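Q: Residue numbering for the sequence shown follows my numbering, starting at 7 and increasing by one per position.
Everything labelled a hint here was simulated from the structure, so no lab data went into it. Here the structure is a predicted model, which means the values were calculated and not measured. Idealized CB from N, CA, C, for every residue including glycine. Some hints could be false.
[What the hints assert, rightly or not] DEER-style ranges, computed between Cβ atoms: (1) 31 - 67: 42 to 52 Å; (2) 35 - 79: 12 to 22 Å; (3) 77 - 20: 17 to 27 Å; (4) 24 - 71: 17 to 27 Å.
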Amino acid sequence: MELCASHVPPPPPPLTAQVPAEAYAPMPEDPHVAHPAARRELREGVARMLSAGDSPALAKGPRTVEAWVDSWKEFEAAARKE
7 MELCASHVPP PPPPLTAQVP AEAYAPMPED PHVAHPAARR ELREGVARML SAGDSPALAK
67 GPRTVEAWVD SWKEFEAAAR KE
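All chains should be modelled from the sequences, with the hints used to inform the complete structure.
A: In structure tokens form, the structure reads like this:
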């Protein structure tokens, strides 16, 4: 019986999430404009929510990612004019 470590394959490298390019974008000069990474995260979250399945709350709301993003603009704190 041979006990040689060279016959044991090394473990695979750890999987890490890729950082999107939007994360490195500078903050917009205008405080009423959302950061590109925030917009991307919102769109990905909405897509995840819509693909999760049917629910009574989702049945009453918009059907597309763009429609959800447009409907949330009225609640965006930065866009409010005071």
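Q: Hints first: check each against the structure and report whether it holds.
A: Results of checking the hints against the structure:
Checked against the hint of 42 to 52 Å, the C-beta distance between residue 31 and residue 67 comes to roughly 29 Å, which is inconsistent with it. Restraint check, residue 35 to residue 79: a C-beta distance of roughly 20 Å satisfies the suggested window 12 to 22 Å. For the pair residue 77 and residue 20, the supplied restraint of 17 to 27 Å is violated, since their beta-carbon distance comes to about 39 Å. Distance hint for residue 24 and residue 71: a CB-CB separation of about 21 Å, consistent with the stated range 17 to 27 Å.
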